[in-house]
Amino acid sequence: MSRGASSIGSGGGGTIYEYRVAALDLVGLLCGVQVPGLDVVPDSVSLQKANDFPLDDVVVLNRQGSYELVVQRQVKRTLEVMSSSGPWRKTMAQCLASLDSFGDEIDADRHRLGLTASGPIAGLETLRDLAASAAAQKSVADFLQELPRLGQSYHRVWKHLTQTVSDLLAESKVTAAEQELVHCSAYRIARRLVVQIEPTEQISPRYPALCAALQERVLQADTRVDAGGVFRMVEELAQEWGPRGGAIDAAMLRNRLRARGVALRGDRQARSAVVFRPQVELTRPETHTQAAQVQALSSHTGRSIRSDVIGELKPSDALRLEVHPAVDADVASGALTALPPYIGRPHGVDGRLRRMVAQSVNGSRLVMVVGGSSTGKTRACWEAVRAELPTWRIVHPLAPDRPAALLRALQADVLEPRTVLWLNEAQLYFLVKDYTSQVSSALQDLLTDPQRGPVLVLGTVWPTYWNHLAEGDELHDEMGAVHQLADLALTITMPPAFNARELADAASLVASDPRLKLARSRAVSGRITQFLAGAPHLVRRYEQSDGAARAILHAAMDARRCGHGPLLTEEFLMTAAEGYIDEATWHTLDEGWFASSLDELLKPRRKLPGPLTRYRPRPGESSPGSALYQLADILHEKSRTTRKRKPPAPSLWAAAAAHSRTDADMRELAEAARTHQAVECEVLYLRAASGGDVSLLTWFIRRLIGLGQFRRAEALIEERCLSGLLLGELSAAVGHSGQYGDSERLARRAFAVSGDRTGHRRLAHHLLNLGMRRDAARQYLWAADHGDPSASRWLVGYYEAQGDRVTSERLARAALTQHGSPAALLALAQSRVAGGEGTEAARLSQIIADHGHADLLVAHARERADHRDHAAALCFYDAAATVEHPKALERMSWRSDGQGNHRRAEDLAHAAAARGNSHALHSLANLRFFKGYVQDAVRLNRAAAQAGSLSAREWLARRGLPA
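Taken in order, the sequence shown gives residues 54 to 1016; the numbers are from my numbering.
Fair warning: there could be bad hints in the mix.
Stated by the list, open to error - Computed cross-link-like contacts, DSS-like style, restricted to lysine-lysine with a CA-CA straight-line distance of at most 25 Å: (1) Lys-191 x Lys-212; (2) Lys-102 x Lys-129; (3) Lys-191 x Lys-367; (4) Lys-212 x Lys-143; (5) Lys-570 x Lys-697; (6) Lys-143 x Lys-129; (7) Lys-129 x Lys-212; (8) Lys-697 x Lys-129; (9) Lys-102 x Lys-570.
It is worth saying that the hints were derived from the structure and are not from the lab.
Use the sequences and the hints to build the structure in full.
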C-alpha cells in the first residue's frame, strides 16, 4: 500500500469508523457514482444532521428531480439484532421517528433508512435479506404470508424487530400498540431499510471500485497523489466537517483537494500546496540547464559537501535543513506530508523575505532572518528559496562541525555561482571560538567577489545572538570581522506570533491539516509555530525523563486527561506522583526528591519552556495560596493517546480528594474514577456527593453491592444517600447470596423509606427459582397487602392452581378495592373465560368496570381479539359498554348489527357518538353500505358528519351528497 493509502483500503487506521464510512459516500459523490440505497448519483452528503433527520450520521441527497431523494443512515461499529440490545433499540427508535417525520416519503420510496455496521455479520446479513424480501411484497399481509417460507433465522430477526417496535410504541405512550400497528410499523421500516456491512479490519467491498473511479474520472494522470491518498484526505475532511453538521457537495471536495496539492481532471493547471508566490520582475542572467549544472559540478574534484538542486528536493528534505518537525496529530502517517501547509504572510515578513531572496540573481548577498526560538524562521527561508530559486543549488555545511565545514566549502571553492549557502542557527558558525574571524573573513570574500556570484548566504539567528554579532564586543577579540560582515547583511525580523488578520486569512488552510488545527486550538496568542516546533522537543524531554521526574509528569498527564483543570497545586502533584514511583526507585530517593525533580521539569532548554511551567497571576489577580503549575499542552495532548488505556494510580484519587484546586476539578476526577471502576477512593466519592453530585455516590454504592461488600454499602446508604431504590437493589443482592433474613429486612426498610418494592419482588422471584414456593408466597402476601399488583396477580394464580377459588377472588378484589389495582381481578376473569365460565367472567369484569377501569377492559379486549380469543374480548367489551365506554359501545354496535339487531346497533353507535366517538356511526354506516343498505349508510354518515366525523364528510363529498 502506498504512503497515502486509506484506512478503508487497508482495514485499519485511526479515523473514527463513522467518518470512514462517510468517506465512501463522499468519494462516490466526488466520482459521480451511485451510493447504496440511492438509485441516482448524489449531489450532496450531510453529516451529523440530527436537527433534520433522525438517522443523522450520514445523509445522502439528490435534489435534481421533482422530488428530494434521501438515504438517511445510522452508523454503528457493531449492531446486534436483538430486542434487548441498547444500540439496536436506539436505532429502531430513530427509524420510528423517521416514519413520524417522513412517513409519506418513506412509503413512496423517496426516503430510505440506512444502517451500516461491521458486525455481527450473520445477523446483519439476515436483516439485509429480510429487508429485501419485505421490499418485494406489496403489503404487510403478503409479507407475513411469505415469512414462514424464509426460514427460522429470518423469523427470529422479524421477532426481534417487532418486539422492539412494540416496546418502543408502548414507551412512547401510544394508546393502543396493537399487533396490527406493530406489524405495519415494522414492515414499513424493513421494506425501506438499506443494510450495509462495512468491515473494520478488512478492505471495504466498495473501496476497489471507488479507487478505480477516482483514477478514471477525477485524478489527473500526472498527479503525485494516488487514489489511496485521496481517500485518506477525504476521511480527514469527513472528520473535520462531521462535528459541524455540514452539507458537502462535489465542488467543496474538489476545492479542498486542490488545496492539498491534488491535480484533478478538468482543472486548467494543477495547483501546489504553496500558500502564495509573489510576482517579482527579475532580470536573470543566461539560463543554464540543470543537466549542464550537474555535469559541471560532477566534474569538480575534491568536493565532499553535498549540493542539491532546490527544485528537486522533496518536502521531507526540509527536515535535513533543520526545519523543525511538526507535532504529531495522531493520524495515520501516510495521510500527512512531512510538513504542514505553510501559513504565509505575503503582505508582511514573507513578502519581504522572498523579494530579498529573488533579488539574489542580481548579485551575491547575505540575508539574516532574526527571530526568537521556534518562530518559523527556518521554514520561512525554506519556502522562500523553493518558490524563488528552484533551479539554484543549496549547500548546508554541517560535518565534522559547522564552522569547519563552512570554511572547507568556502576555501575549496565548492560554492558554484547560483548557490544558496544555508546557515541555520548562524551563531553556531560565527560565534565559535577560534573560528569567528576566519568564517567572517571568508564570507566577506565570497560576497564581495563578483566572479564567484551570484550566491545567497541565508541564515537564521536569535535576537540576542544577532545583537552580539552586530554590536557586541564582549565575546572574543575577533569581533571586528564579524561586525564588518554584519554591516553587509540584510535583515528580516520574524514576528513572534500571527496577528488576528493573518489567522483569519489562513482559516481554510488551518482547517485542511490536523496539525495546524491542533496548533491553532492550543497555541497561546497566535504562537502557532512555537507550538508546532517546540512540541517535539518537549516530547523528547518527556520520553527521556525517568524516576521521580517521569512520575510527576505521569501524575500531571493523568490528572489532565481525567478532567482536572490546567492549574495543578504542588501538594496535588506530590501526593499523586508517589503512586507512580516503583518500589525500587522509591527507596533510592532522598528527602528532597520532589523539589529537585520539579526544578528539573521547570527548567527551560533552548529558550523553550519545560514540560511544566509555573503559573504567575497577572497584576490585579488574587495570589494563589500555594504554587500552581501547568503541564505543556503537547504533553496533555499526547497523554490522551499514549496513556489512554493505562489506569491512573490510586494516589491520583487520593490527591484529588485532598488537594484539588477547585470543587469542579475534584468532581471531574471523581467522575473519572467512576469511569475507571475505582473502588478504593471512598473519600473522593463522599466529597463529590457533599458538593451535590449524588450520582457518583449512588454508582459507588452499586459498585460495592456488585462486589459483595453489603455492610459497607448499607452503611453508606443509611448515612449518606438514603434511597429506597438502592435498599431494594441491596436487598435483592443479599437475597441472591442466600442471606434471606437480611434480604427481607432490607426489602421492608426500602418500602418504608420510599415505597420501593424491588427488593421484595426480586427476593420472591429468587425463592421461586429455588423451588421455595411457600417462602415466596409469604413474601408475595406481604407485598400484596402493601399494594403490589404483581404480587396480587401471582397469588391469584397460586391459589387458583391449588383450587382455593375463594381466597384467590378475595385477594383479587382486595387489590382492586384497597389499592386500585384491577390486574389480578382481570387475570382471574380471563381464567374463568378460559374455563368456560362465561357468567363468572362477566361478573368479575363488571366489578372492574364499575370501579372505573373500563379503559383497561377495552385495551385487554383488543389484545384478546388479536389473539383470536373472541369470547374473552366480547366479555370485556360488554362489561365496558355497560358503563358507556365509547369504544366498547362501537364494538357492541358492530356485534348487534351482525346479529341482525339493527335498532340496537344504531342506539349503541349514537351513544358512542354522544360520548365523543363519532367514528362509531361512520363505521356502522360502512357495514350497512357493504351489505347493500345504501340509504342507511347515507343517513348514518350524515349523523356521523354532524357529530364531527371528517371521514364521514369525505365519504359524502365523494358521492356529491350534502352533509
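Hints and how they fare:
{"no.": "1", "hint": "Lys-191 x Lys-212", "result": "20 Å, holds"}
{"no.": "2", "hint": "Lys-102 x Lys-129", "result": "16 Å, holds"}
{"no.": "3", "hint": "Lys-191 x Lys-367", "result": "62 Å, violated"}
{"no.": "4", "hint": "Lys-212 x Lys-143", "result": "17 Å, holds"}
{"no.": "5", "hint": "Lys-570 x Lys-697", "result": "21 Å, holds"}
{"no.": "6", "hint": "Lys-143 x Lys-129", "result": "11 Å, holds"}
{"no.": "7", "hint": "Lys-129 x Lys-212", "result": "21 Å, holds"}
{"no.": "8", "hint": "Lys-697 x Lys-129", "result": "22 Å, holds"}
{"no.": "9", "hint": "Lys-102 x Lys-570", "result": "23 Å, holds"}
Checked against the numbered hints above, the structure breaks only hint 3 and satisfies the rest.
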